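> Top to bottom, those sequences are chains G and L. Just so we're aligned: 470 in this note's numbering is position 471 of the first sequence, and the numbers increase by one with no gaps anywhere. Just so we're aligned: 835 in this note's numbering is position 182 of the second sequence, and the numbers increase by one with no gaps anywhere.
What the hints contain is simulated information worked out from the structure, not anything from laboratory work. If you're wondering where the values come from, they're calculated on a predicted model, not measured in any experiment. Note that CB positions come from ideal geometry on N, CA and C, so glycine has one too. Relax, there's no trap hidden among the hints.
Pairs of lysine-lysine, BS3-like flavour, derived with a Cα cap of 27 Å:
1. G:K26 x L:K795
2. G:K15 x G:K26
3. L:K795 x G:K15
Only part of the chain L face toward chain G is listed, based on derived beta-carbon distances under 7 Å:
4. L712
5. R736
6. R739
7. R740
8. Y745
9. D752
10. N753
11. L755
12. L758
13. E762
14. M766
15. T769
16. L770
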Amino acid sequence: MPHEHSDRWRAVLSTKPFVRAPVLLFKSPAVLAAIIGAAAILGLVAGSTPLYLSSAESAALERELSGRCSASYDLQVSTFLPALAQRQAMTDHLGPRLGQPVLVAEGSIGTATYNDKSLPLKLMYRTGFADDLDVIDRVPGEGLWMGERLAGDLGVAPGSTVTVWSGPLQAEIPVVAVVGDLYDQRSEPDWCQFENILEPTSMGDLPTPLVFVDLQAMSFPQYEAAFATYGPIGINEQWTIPVDIDGLTTGEARAIVDSIAVLEDAYHDEQVTFRSEHGPDEFHPSFAIAEVAVHSDLGTVVERIEALGAALGTAIDPLAAAVLATALGLMGMAGSYWVDRRRAELRSLAARGVSPGQLGVKAGLEAALPILAGSVLGWAAAGPVVRMAGPGGRIDPTAFTAAASRAGSAAVLGAGIVIVVAAVRSRSLLRTGPSRARAGFGPLLPIAFGAAAWWIRSQIGDNAVVREDRALVGSIDPMVVLYPMLAFAAIALAGGYALSRLTRRARRARGRPALYLASRRLSSAPLLATVLVIGAAIPVATLVYSATLTRSTTSTIDAKGRSFIGADVSAPVYSLDSVPSSLAGQATVVALIERGDIAGQRIDVLAIDPDTFQGGAFWDESFSDTDLGELLDRLGPLDGGAAPALVANGDVGDGLADARGVEIPIHVVGRAEAFPGARRDRPLIVISTEALGQLTTERSPNILRYLLWASGGTVEDVTGALAEESIGYAFAIPATRTLDLLKFQSVVWTFDFLELYAMLAGLIAVGAILLYSDTRQRARNLAYALARRMGLSRSDHKFASLLETAIPLLIGVLVGAATALFTARSVYLALDPVPETPPGPRWVPAQTLIVVCVMATLVLSWVTAVISQRAADGADTSELLRHEN
Amino acid sequence: MRTEPVIACSGVGRAYRTDSGEVWAVRGVDLEVERGSLTVLAGPSGAGKSTLLRIIAALDRPTEGSITIDAVETGGMPDRRRRRWRRRNLGYVFQDPADNLLPYLTVDEHLQMAATLRGGVENIDELARHLEIDDLSGERPKRLSSGQQQRVALAMAAVGDPAVVVADEPTAELDQESAALAIHTLLALRSAGSTVVVASHDADVIRTADSVHRVEHRRGAT
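Only chain G is shown next, with the shape it has when bound in the complex (with noise of 0.2 Å):
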């Protein structure tokens, strides 16, 4: 039996139509576009996830690194060789993105003296330091690079030679240049890595001057002796080899971490090798053979990257799933429309004993070349796709080569997809007879939906965004995205089934032809009006959910960065007047006291300047039930030997507070949930910093520090006016740096790949109803006939498509977006990624978006409105009524 199954089957694909399947679709282009258009949307959404999961990883890593001192992620390798040998020997084993080496060498404190003048210095190496220095003047030759404000003091200028002493040696060395001092571009990307050592002392004073020395390249004899020259000053050195993360990806920064332990190695055979080759004389004793190391803080980095990368996999992976199912639904219905375009062949061969098994194998052979084509097109199309609405970052080679395996995956399954609907409905290509309306469905379906949403919705705590104490970064409850879906689908569902219990009604309509036509096709057809309900509702309501939740914890985690460092941005400076003129009314300085004491409680201290404050400061309205100028407006100086206070974060009363050395007795005058610069775990004590002048005449706070808070403009703004204007400060950091953002990107990006997949579930759901609107108007064409001979007008037949496909979209895109809105307002509350930093989650919902969704329906309307109208013109009007006769 089975050789006979098998010899049936083998004759049946031997005959002309199987043979000639693969390139008969190119005769119906119709079909054909159809299913190409269909399997590249499949491979599009089989493609992206490995693409944005990569891009997304790569945004972290970017945004990881590029606010960070190079010094922190570059290679450094332990200094095993002579400066020339051990240069020679990193070069000899730089792999990708690994730049040249670059040696610093750093000298401790000498003297230099000129003129019967001494003054500190420190001298410095590091490699093609001259690039980077802004020189004022030079003479040729190798000796001293000293700092504008030093060589001033010292009355020194290029061609001047200074004695430099250090312990009992000294030597005479030549000034060969004045540079710009370096002390204002500590935080500069090339002199980031010596910000310790340029950083002004805790009173504002500069520090040591860094003299750099003109070494060229050299043996470690000469290089010893030149330093010897120097006097036998301490010389700390440290090997440096830059990575390059321009573009860099998770892939290649994982292999550079990878190749450490390799590159220890091959240095330590090089040690080897040189000690091998080289007398006593050339090889200092100092460097005996040792183990070589190579430290990079880049590791820990990629650790961080990698759990992000996880964390987000596994949210999006069920979202990524759903949205395959739809598209591969698409597919389905591809095939579906193949079986109605070739239904006189189908039944032609149905009749003839073909099978309907076996005609799902020819609709799979017909489809295999333009199913390959589209799945190549989608492919190609997930990388600008993820680029333009992805997270932004570099997507990384390799992760081409998983969307192709998925997207090819998926065309098999789409494939197979398409085979089995074929088969499916040439069941009933032979059957004739009156058929039964297909129904809509009763409240069942919706109702326990909406009960399984409800459930759903229960098990969410009060904070979704999960973050175990060890974690490397938080991750999103799954309830938060699958309570919504459910949500969606309940309401969707509702709204079909209300509409077509609506059209019913609208059998009684009467008026003008075009609206009589609508009514009477939806009323009709109560299963097609909801599911145009349902296929606008969703991925409307999925895209204006994940949009407004984006938008929303976005917006939540900048205000909390703000409320964290007090502004926009934040710079420690040293004294309270410190506010440079072009930032007036954008900038105050505030004076912190931290960890003081009240009745056994701790607390921090925070003097403010009322009429400054509003200008320069955070605040959120959440912050206190009462106006903040009004609050600032009870501050001022001692009244009755009490400063006015306004208390934060805390119940804290009137009494003494000890200000780390100074005793601050204090008069509550206002009370405020939080404030800028609080901390989580103690009150703010906030009085105004004349009621502090007046307490610390005699006295000062052992801890005091003053800080410059500044609002609307960026680090660079705030640290140029600074220069300007001489203003000291310790350095500047802006609000976005301040959390860990990096922990809570998994959620944002979560919510933004929800956006994505939405709009891919809004493309797969435009390109079913034109699928179904050619084929349905195909259905209709002798009805349309039979219509035009009884005065049916060619505008009023194309209103009523209009009207047939826009007031069901409509609906759903209402619908979609209002239970869209209902929903994250119901969650977002959950979704605070750092609860013990005020304030507590914005709202910010994307009505820009739902306004974009409306006229897009109305787009799409009117188009299958023009294909229905040009599938009915182009309908053989005596031939369709011949056949009816």
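Following the hints, position chain L against chain G.
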């Protein structure tokens, strides 16, 4: 001696379920068709001729009654077995000539396909000559007239000497000249020994039949 009829229907009826209840397309049909005859099912539109024809062609199953074709009870067969049986033992011709032919195959390729599906048949050239379509072997359907298309369809149905060749209104879509060609082909099939059953209200077809069975609305065939 009377031979066994090749088709025997007893109390055959077919009902459809609709929103308004059960509808009988045909009911209470008792019918016998002699081997090698040309039998016509005649009757007004909506009488159930096509429905009965589809049951005879094993494209559909009766709701009640029994039908035997070439000593095989086809009415109760499961779909898959009925399809296999139909492929080997029955030829069916649709009313619209274009529905019988594939636009991308030549006449010869159509006959080859029919022969392969029948289970591998030789001497299709002889059939083509007998039905006078051998001069059309290299043509595609769109280059044939309606009458020529219908003759090719009849030839495909007759490939491999099936028990019965069934045609639904084979001349309805044709002009007078093409209809005459189709009738000529029906007669040629009969003369070649095929049993042919035709649903038609064409007087010319009825005139050439060996027997005519009238199908009345809900009253079965007489």
